[in-house]
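Produce the entire structure from the sequences given, and follow the hints as far as they go.
So the sequences go chain by chain: W and H. Be aware that the first sequence starts at 1, since it is given in the working numbering, and climbs by one per residue. Be aware that the second sequence starts at 775, since it is given in the working numbering, and climbs by one per residue.
Since the hints were derived computationally from the structure, they do not count as laboratory data. Fair warning: there could be bad hints in the mix.
Estimated spans, in silico, between C-beta atoms of each pair [what the hints assert, rightly or not]:
| no. | chain 1 | residue 1 | chain 2 | residue 2 | range |
| --- | --- | --- | --- | --- | --- |
| 1 | H | 928 | W | 410 | 16 to 24 Å |
| 2 | H | 781 | W | 267 | 20 to 28 Å |
| 3 | W | 59 | H | 823 | 52 to 60 Å |
| 4 | W | 566 | H | 823 | 51 to 59 Å |
| 5 | W | 399 | H | 928 | 50 to 58 Å |
| 6 | H | 783 | W | 136 | 48 to 56 Å |
Keeping only pairs whose Cα atoms sit at most 20 Å apart, straight-line, the calculated EDC-like set for lysine to aspartate or glutamate is [to be verified]:
| no. | chain 1 | residue 1 | chain 2 | residue 2 |
| --- | --- | --- | --- | --- |
| 7 | W | 663 | H | 870 |
| 8 | W | 28 | H | 802 |
| 9 | W | 28 | H | 857 |
| 10 | H | 929 | H | 870 |
| 11 | W | 382 | W | 182 |
| 12 | W | 663 | W | 563 |
| 13 | W | 646 | H | 904 |
| 14 | W | 108 | W | 279 |
Yeah, the Cβ is synthetic: ideal placement off N, Cα and C, and Gly gets one too.
Chain by chain, the residues:
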Amino acid sequence: MESIGRSVIRKDAVAKVTGAAKYTADLKTVGSLYAKLVTSPYGHARILSIDTSAAEKVNGVHKILTGKDTNILTGEEIKDRPILATDRVRYHGEPVAVVIADTLAIAKQAANLVNVSYSPLPVIRSPKEAYQQGVPLVHEHLGDYEKIAEVFPKPGTNICNHTKIRKGSMEIGWAKSTVVVETEVSFPPSDHCAMETRSVSAEILPNGQVIIHSSSQVPFTIKKMLSSIFGLNQGKITVHTPLVGGAYGGKSAIQLEFIAYLASSAIGGQKVQLINSREEDFITSPVHLGLDAKVKLGCDAEGYLQAAEITLLFDGGAYSDKAVDMSRAAATDCTGPYQVENLWCDSFCMYTNHPYATSFRGFGHPESTFAVERAIERLAEKLGMDPIEFRWKNAIRPGQTTPTQVILNESRIGNVRRCIERVRELINWEEGRRIEITPERIRAKGVSCFWKNSNIDTNAGSGAILKFNEDGTVHLNCGVIEIGTGSRTVLAQIAAQKLGIDVDQIYVEMDIDTSSTPEHYKTVASRGLWMAGRAVLAAAEDAIGQLLNVAAQVFRVSLDDLDIGKGFVFLKDNPARKLALKELVYGYVYPNGNAIGSQVIGRGSYTLRGMTFLDPKTGKGVPGPDWTVGAQAVEVEWNKRDYTYKILRAVTVIDAGTIINPKLAQGQVKGAMHMGLSFASREGFIFGPNEVVETTQFRTYKVLRYGENPDYTVDFVVTPSRETAYGLRGIGEHALIGMPAALANSLSTAAEVHLNRLPLTPELIWRMKTGGVR
Amino acid sequence: MTDQSHTRFSVALNVNGVKRKTEVRSADILLDVLRNNFGLTGAKPGCLNGDCGSCTVLVNGWPIKSCMMLAVAASNTNIVTVEGLKGSATQRAFIEKNAFQCGYCTPGFIMNIEGLSAIHPDADDSIIEEWLQSNICRCTSYEEIKAAVYKVLGKKPEAGR
Numbered sequence: 001m002e003s004i005g006r007s008v009i010r011k012d013a014v015a016k017v018t019g020a021a022k023y024t025a026d027l028k029t030v031g032s033l034y035a036k037l038v039t040s041p042y043g044h045a046r047i048l049s050i051d052t053s054a055a056e057k058v059n060g061v062h063k064i065l066t067g068k069d070t071n072i073l074t075g076e077e078i079k080d081r082p083i084l085a086t087d088r089v090r091y092h093g094e095p096v097a098v099v100i101a102d103t104l105a106i107a108k109q110a111a112n113l114v115n116v117s118y119s120p121l122p123v124i125r126s127p128k129e130a131y132q133q134g135v136p137l138v139h140e141h142l143g144d145y146e147k148i149a150e151v152f153p154k155p156g157t158n159i160c161n162h163t164k165i166r167k168g169s170m171e172i173g174w175a176k177s178t179v180v181v182e183t184e185v186s187f188p189p190s191d192h193c194a195m196e197t198r199s200v201s202a203e204i205l206p207n208g209q210v211i212i213h214s215s216s217q218v219p220f221t222i223k224k225m226l227s228s229i230f231g232l233n234q235g236k237i238t239v240h241t242p243l244v245g246g247a248y249g250g251k252s253a254i255q256l257e258f259i260a261y262l263a264s265s266a267i268g269g270q271k272v273q274l275i276n277s278r279e280e281d282f283i284t285s286p287v288h289l290g291l292d293a294k295v296k297l298g299c300d301a302e303g304y305l306q307a308a309e310i311t312l313l314f315d316g317g318a319y320s321d322k323a324v325d326m327s328r329a330a331a332t333d334c335t336g337p338y339q340v341e342n343l344w345c346d347s348f349c350m351y352t353n354h355p356y357a358t359s360f361r362g363f364g365h366p367e368s369t370f371a372v373e374r375a376i377e378r379l380a381e382k383l384g385m386d387p388i389e390f391r392w393k394n395a396i397r398p399g400q401t402t403p404t405q406v407i408l409n410e411s412r413i414g415n416v417r418r419c420i421e422r423v424r425e426l427i428n429w430e431e432g433r434r435i436e437i438t439p440e441r442i443r444a445k446g447v448s449c450f451w452k453n454s455n456i457d458t459n460a461g462s463g464a465i466l467k468f469n470e471d472g473t474v475h476l477n478c479g480v481i482e483i484g485t486g487s488r489t490v491l492a493q494i495a496a497q498k499l500g501i502d503v504d505q506i507y508v509e510m511d512i513d514t515s516s517t518p519e520h521y522k523t524v525a526s527r528g529l530w531m532a533g534r535a536v537l538a539a540a541e542d543a544i545g546q547l548l549n550v551a552a553q554v555f556r557v558s559l560d561d562l563d564i565g566k567g568f569v570f571l572k573d574n575p576a577r578k579l580a581l582k583e584l585v586y587g588y589v590y591p592n593g594n595a596i597g598s599q600v601i602g603r604g605s606y607t608l609r610g611m612t613f614l615d616p617k618t619g620k621g622v623p624g625p626d627w628t629v630g631a632q633a634v635e636v637e638w639n640k641r642d643y644t645y646k647i648l649r650a651v652t653v654i655d656a657g658t659i660i661n662p663k664l665a666q667g668q669v670k671g672a673m674h675m676g677l678s679f680a681s682r683e684g685f686i687f688g689p690n691e692v693v694e695t696t697q698f699r700t701y702k703v704l705r706y707g708e709n710p711d712y713t714v715d716f717v718v719t720p721s722r723e724t725a726y727g728l729r730g731i732g733e734h735a736l737i738g739m740p741a742a743l744a745n746s747l748s749t750a751a752e753v754h755l756n757r758l759p760l761t762p763e764l765i766w767r768m769k770t771g772g773v774r
Numbered sequence: 775m776t777d778q779s780h781t782r783f784s785v786a787l788n789v790n791g792v793k794r795k796t797e798v799r800s801a802d803i804l805l806d807v808l809r810n811n812f813g814l815t816g817a818k819p820g821c822l823n824g825d826c827g828s829c830t831v832l833v834n835g836w837p838i839k840s841c842m843m844l845a846v847a848a849s850n851t852n853i854v855t856v857e858g859l860k861g862s863a864t865q866r867a868f869i870e871k872n873a874f875q876c877g878y879c880t881p882g883f884i885m886n887i888e889g890l891s892a893i894h895p896d897a898d899d900s901i902i903e904e905w906l907q908s909n910i911c912r913c914t915s916y917e918e919i920k921a922a923v924y925k926v927l928g929k930k931p932e933a934g935r
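See below:
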């Protein structure tokens with residue numbers, strides 16, 4: 001009956017292998033109209049005119065909306081983004097108009113006939129360029145935008161957020177440093193590439209009820225945003241999210257929902273579907289941010305880090321969305337999981353004329369980790385110390401403090417050193433990290449460490465309901481979205497363990513309905529099981545309390561005489577005296593017909609405790625409840641002659657706390673490693689003139705395909721968290737974080753050249769090695 | 775404005791062993807007709823460009839990207855979608871080997887492997903790779919899918935795995 005630690009089959013398994021699984025775009029209804037966007041062909045341009053007359057003449061077109069009809073600014077942190085562009089477009093792919101028609105074919109035909117005339121403007125092509133004095137401003141009216149208090153844009157510049165981390169004394173730090181290195185890294189924006197493109201529908205009923213279906217990680221936030229932007233009562237809005245076909249952070253942004261709502265509103269409330277084409281999903285909807293960074297590190301003669309000065313310039317693109325938060329999150333963990341007493345970090349989120357960015361798996365950490373781990377590699381090299389030993393020596397431990405001055409204990413930080421030790425064994429470090437197999441073929445290894453906290457709202461929370469059927473089976477209702485992680489299955493395991501029943505007795509629907517599902521903040525930040533696990537435990541305890549209450553009356557004993565397990569409530573001193581749960585879950589009925597008790601409905605909710613905003617001057621504060629840590633290694637075989645390489649092996653050792661479902665945990669870790677290697681080895685937008693994205697299809701924007709993957713090895717260190725359900729830790733994102741750095745470290749070792757840019761293509765290695773000269 | 779491209783024609787398609795009549799435009803792709811006309815939403819749009827394989831179905835036993843085939847061209851063929859499988863070895867192997875997460879690419883992969891195992895029951899790694907590189911999975915590491923294919927083909931996992 002143990003549910004914890006078992007590789008229970010996912011609750012959505014049969015639906016997913018039979019085609020029965022329904023995603024947003026599968027929910028067709030008769031009478032739905034279709035919307036198609038008209039988007040900007042320029043990275044930056046003034047809109048001179050929009051002529052919709054020819055498009056309006058197409059039979060079956062109901063309405064065409066432009067920025068004039070929708071003059072509203074949106075944004076969760078800074079309200080800087082129009083729903084449809086008004087006077088100018090700031091990125092290639094930006095929505096300019098939307099056509100609503102009887103069929104998608106008609107909508108597309110009409111969209112092609114919308115005639116927009118543009119006058120191109122000078123573009124900002126990188127965060128570094130954006131940071132320079134005297135360059136064009138992406139947002140001239142930055143100072144006028146509404147914003148929350150915790151972001152710090154600088155009007156008159158392209159800075160949309162600035163986070164400062166100040167710890168210790170840089171003077172002392174540099175004085176103690178005998179070896180110092182400086183490293184610069186850079187990579188362009190890229191994409192999440194969920195296989196399901198973003199899809200929404202909106203409908204407004206005659207009584208004013210708004211019904212949204214959205215392929216989203218944040219249905220509860222959609223409700224709140226629609227409410228605040230359009231002045232609707234939250235009770236009038238219901239957001240449905242069925243299964244989501246991949247998200248990786250990209251579906252935590254709210255964009256198409258606003259357009260679909262306005263479209264439905266403009267035609268009297270009829271249902272309108274809006275589904276991204278792949279090309280739109282690549283650039284119109286938000287992307288993964290890019291970075292230009294500079295890291296200066298110093299250590300003493302024994303190899304202990306003494307000082308770090310880190311400047312991160314994130315490419316947030318044309319609008320702020322969540323990039324401003326990612327730039328802050330990156331700053332809070334900017335050193336990686338190492339003890340650094342003297343630290344100075346400036347993290348800037350920059351506006352550019354690139355597609356705007358939103359959350360991406362790892363939330364600022366894969367990016368900053370690439371920068372700092374490349375610098376660490378160089379520092380160890382300059383010092384003449386083995387890079388694994390260097391990392392082990394400096395690994396952060398309980399009692400030490402993070403960049404934001406949180407004092408760590410074992411529950412909060414786990415065991416970084418143990419992860420490093422285990423990676424060293426698994427990658428067979430002793431054999432040597434650069435081996436010439438033949439004069440042409442070099443095998444090399446590289447390592448990296450990672451850590452990450454959540455950096456979500458300080459009051460983020462989750463709720464759960466456990467509702468019993470008469471036969472003792474249970475429905476688990478909670479707001480974690482099934483985006484692929486299997487979290488809803490793992491939550492059922494937690495409920496089953498607590499209730500002492502088999503997990504097969506727990507049923508989990510995969511659809512979220514914000515009107516009846518208890519809220520889960522957002523399905524982001526590897527906090528699904530963390531927060532909802534606590535809510536489920538609380539709901540189970542609540543249900544158990546109700547069951548014991550009835551049983552206590554039946555047995556005429558006190559509550560503490562009773563226990564629950566194996567499907568029964570029984571007397572502790574005489575387990576043979578017991579009642580099956582099904583005799584209690586709808587109340588107990590005495591032989592004469594009298595009933596006591598009633599249907600058992602357990603409810604629980606949980607909100608993070610003790611989080612604080614960061615001090616704007618020093619960054620001091622508590623950005624989340626705990627860090628998940630780990631170490632990673634990559635082994636490559638690089639060909640000296642043509643600069644190509646094959647990734648042979650990738651290893652992750654992660655302190656995952658208690659593993660609830662080993663198979664699903666392995667899957668999350670391997671999948672994240674895979675995404676990290678795909679990103680690091682081949683992904684990144686290529687921009688043409690006026691910052692037009694030239695890679696908006698899978699034939700030009702390459703991702704790893706079957707057989708291009710290395711062998712993956714995953715191992716777990718188990719330091720249970722003292723705050724979570726059964727000691728689990730968040731693991732959804734983390735194994736992506738160190739992959740780019742580990743790959744770059746292995747290739748730099750192989751090619752004996754410093755590779756500080758992504759993606760790590762053979763061409764890049766050739767250019768770095770030869771200066772690009774044949 | 776009238777437009778010929780929106781005119782509909784009657785066609786009969788043999789889907790999952792049932793001959794079904796429907797109305798299509800000449801430009802309608804098989805994927806859209808399966809999904810919109812027949813409610814067979816197992817085949818998924820991922821790129822509508824032949825790049826991702828999410829829409830793969832079997833046409834006369836061969837995996838075909840249904841976004842790349844006109845519906846009218848599929849008349850007089852035998853079409854099998856994921857809904858036409860009933861507890862096949864591939865479906866069981868995908869569950870056993872945890873070969874999916876979000877599940878969106880899964881029907882496409884499963885149909886491709888159904889075709890592969892029928893046409894190349896003794897496929898070696900290079901044939902498997904050639905076939906499965908036409909599909910993209912963004913969640914798993916492909917190792918899980920490889921384990922599932924091996925299971926279906928009755929191949930032993932390599933040593934050390």
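So, going through the hints one by one against the coordinates:
Look at residue 928 of chain H against residue 410 of chain W: about 47 Å separates their beta carbons, and that is not inside 16 to 24 Å. Checked against the hint of 20 to 28 Å, the C-beta distance between residue 781 of chain H and residue 267 of chain W comes to roughly 25 Å, which is consistent with it. Under the hint 52 to 60 Å, the C-beta atoms of residue 59 of chain W and residue 823 of chain H, about 28 Å apart, miss the expected range. Distance hint for residue 566 of chain W and residue 823 of chain H: a CB-CB separation of about 54 Å, consistent with the stated range 51 to 59 Å.
A C-beta distance of roughly 55 Å is found between residue 399 of chain W and residue 928 of chain H, which places it inside the suggested range of 50 to 58 Å. For the pair residue 783 of chain H and residue 136 of chain W, the beta carbons lie near 53 Å from each other, so the given range of 48 to 56 Å is met. About 10 Å separates the Cα atoms of residue 663 of chain W and residue 870 of chain H, which keeps this hinted pair within 20 Å; it holds. At most 20 Å may separate the alpha-carbon atoms for a hinted pair to count; residue 28 of chain W and residue 802 of chain H meet this at roughly 17 Å.
About 17 Å separates the Cα atoms of residue 28 of chain W and residue 857 of chain H, which keeps this hinted pair within 20 Å; it holds. Pair hint residue 929 of chain H plus residue 870 of chain H holds up; C-alpha atoms about 15 Å apart against a cutoff of 20 Å. With a C-alpha separation of about 11 Å, the suggested pair residue 382 of chain W and residue 182 of chain W falls inside the 20 Å cut-off, and the hint holds. Between the alpha carbons of residue 663 of chain W and residue 563 of chain W the distance comes to roughly 31 Å, so the proposed pair goes past 20 Å and is violated.
For the hint pairing residue 646 of chain W with residue 904 of chain H, the CA-to-CA distance comes to about 17 Å; that is within 20 Å, so the pair holds. Taking the CA atoms of residue 108 of chain W and residue 279 of chain W, the gap is about 14 Å. The hint holds against a cut of 20 Å.
Hint check: violations occur at hints 1, 3 and 12; the rest are consistent with the structure.
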